[in-house]
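Given only the sequences and the hints, what does the whole structure look like? Please build it.
Residue numbers (the working numbering), protein chains in the order written: chain A, 1 to 381; chain B, 1 to 209.
Hints are all accurate, no fakes.
Derived DSS-like pairs (lysine-lysine); straight-line CA-CA distance at most 27 Å:
(1) K328/A to K114/B
(2) K328/A to K206/B
(3) K328/A to K35/B
(4) K100/B to K207/B
(5) K57/B to K328/A
(6) K57/B to K78/A
Just so you know, the hints here were simulated from the structure itself, not pulled from any lab data.
Residue-level listing of the chains:
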Amino acid sequence: MIPTPTTPQILQVDKPLHMVSGATLPHYELIYETYGELNADASNAILICHALSGDHHVAGVDADGKPGWWDGYIGPGKPIDTDKFFVVCSNNLGGCRGSTGPTSINPETGRVYGPDFPIVTCRDWVNSQNELRQHLGIEQWAALVGGSMGGMQVLQWAIDYPEKVRHAVVIAAAPKLSAQNIAFNEVARRAIMSDPDFHDGRFIEAGTTPKQGLALARMLGHLTYLSDDMMGNKFGRELREGKLQYNYEVEFQVESYLRYQGEKFATKQNFDANTYLLMTKALDYFDPAAEYDHDLSAALAKATAKFLVVSFTSDWRFSPQRSHEIVKALLDNDADVSYAEVTSEHGHDAFLLPNAHYEGVFRAYMQRVADELSTGSPTTL
Amino acid sequence: MSQKSLTPISPEFTLISDWITPNSRVLDLGCGDGKLLTHLMQSKQVSGYGMEIDAQKNIAAIQAGINVIHSNLDNHDLPHYFDADSFDFVIMTQALQVVKRPDELLDDMLAIGKQSIITFPNFGHWRMRAQLVLKGRMPETETLPYHWYDTPNIHLCTFNDFEDLCESKGIEVVERAVVNSEHRSTLGMRLLPNLLGEIALYKVQKKRA
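Take a look at the structure:
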């Protein structure tokens with residue numbers, strides 16, 4: 001059976017967005033896709049929040065036949081079962097896949113935003129997604145689900161709009177970045193900004209893109225998504241040419257793989273360098289506990305959602321320890337929380353890959369969310 | 001979950017349930033598929049969490065509808081996750097003998113809970129003693145069906161051993177029930193628990209200063 005391609009839709013928001021940075025976006029667009037049917041009382045809606053380089057095409061196939069980035073877990077009969085749920089995913093503001101971002105035209109100047117696009121934060125994303133919620137006629141999300149940066153948005157949602165979130169699924173996330181996380185982001189940004197083709201961020205107007213810098217940033221980012229064990233098993237010290245050349249060309253397979261990943265991201269996928277800068281900044285700024293005297297338990301005190309938290313043993317970007325911090329803060333509040341620490345060698349990337357324990361936990365939890373719908377348990381808190 | 005009727009449970013769980021005050025907060029260490037906690041939520045309206053190390057049981061516990069924290073009791077996680085006196089009861093059924101340091105875990109349990117309920121198999125039961133004395137071999141019984149080399153039970157003890165440990169730690173035994181492998185209690189077990197009892201259930205708390 002060939003699935004019907006999903007068609008993205010665009011929401012025009014004319015209500016100004018007052019951003020955390022102090023900037024205001026008078027008008028913006030959010031591109032989004034939906035899967036499944038919204039039920040009569042609009043109680044079965046799930047919002048998926050995407051990670052750094054993700055977009056709104058999370059499931060199904062698009063017009064080009066490309067499957068969504070989390071298609072393995074979202075669809076008919078899958079852990080997030082679109083026969084039961086109405087699933088929504090939007091491209092984050094500041095993105096480059098159709099929502100207003102640095103590649104859009106700034107209505108004030110008539111020029112491409114480029115580096116002038118205001119710095120976005122997790123809270124700004126949540127506020128903009130709340131407009132989408134209202135537009136779709138959803139009083140309360142049955143669940144918010146996200147991995148990595150998406151998991152951080154789920155946390156922000158649960159804190160900022162407690163009455164709008166029934167369940168929060170936070171996967172491979174952290175309550176804030178560590179100094180090491182920020183350091184990796186900074187090296188990635190320096191790689192982009194020091195590319196001669198960056199043109200202070202006005203590369204689109206200059207008719208070019210900082211491909212080298214973006215590819216380097218992606219190579220670095222990609223490294224933090226993999227584990228040492230996984231790279232060892234996949235590449236080891238395998239040579240590309242079968243014998244050492246003693247020069248600066250690609251000697252080892254792992255070098256070839258990383259170069260390919262960087263190249264693909266910067267050229268074929270045509271990711272916008274300014275968006276990459278924005279997303280890494282939003283990650284750096286994420287720290288919901290900061291305004292509660294750096295007390296995460298206090299930050300989560302108002303959250304009324306039930307939580308599922310998942311981490312992966314070989315994830316060193318956002319290690320299980322970081323998920324323990326989230327779980328601990330929820331336990332401090334006597335919140336309903338379940339936690340799974342999934343054994344995987346795939347590092348941070350594990351949240352996108354098949355795994356029996358992960359899938360079992362995910363499926364069992366989403367079944368609980370679905371059971372509440374069918375038994376008519378309270379849909380409002 | 002409320003829509004499910006009460007599931008039948010083992011006599012051991014029934015005995016534990018009798019010791020639980022309604023509406024209390026409970027932590028179940030090694031909660032397995034969540035059967036005990038589900039029962040206590042239904043019959044005693046308790047709230048709380050289970051902890052479980054096994055991935056399959058972790059999934060089953062989520063299916064059962066309980067809050068379950070996937071955790072290794074040997075990692076000394078309890079004081080990290082919970083403040084002092086967070087629970088009315090910290091329960092651990094048939095797991096004392098599999099942890100690396102039962103004595104330290106007991107301390108942690110009584111730090112985060114007002115009372116603890118612990119069940120374990122009695123290594124002082126006459127059949128254990130008989131197998132060791134008469135056959136000269138490590139015992140294998142219904143309650144302890146493993147070989148010496150593959151058993152997860154690395155810290156087996158007798159009731160007397162456990163009570164000695166409690167005494168040395170200033171822990172008071174509030175209640176004790178001794179049963180056989182069918183979870184029945186006989187007069188003999190009450191008179192000679194350490195010889196005739198197969199499984200013990202203890203409710204303990206810190207002695208008041």
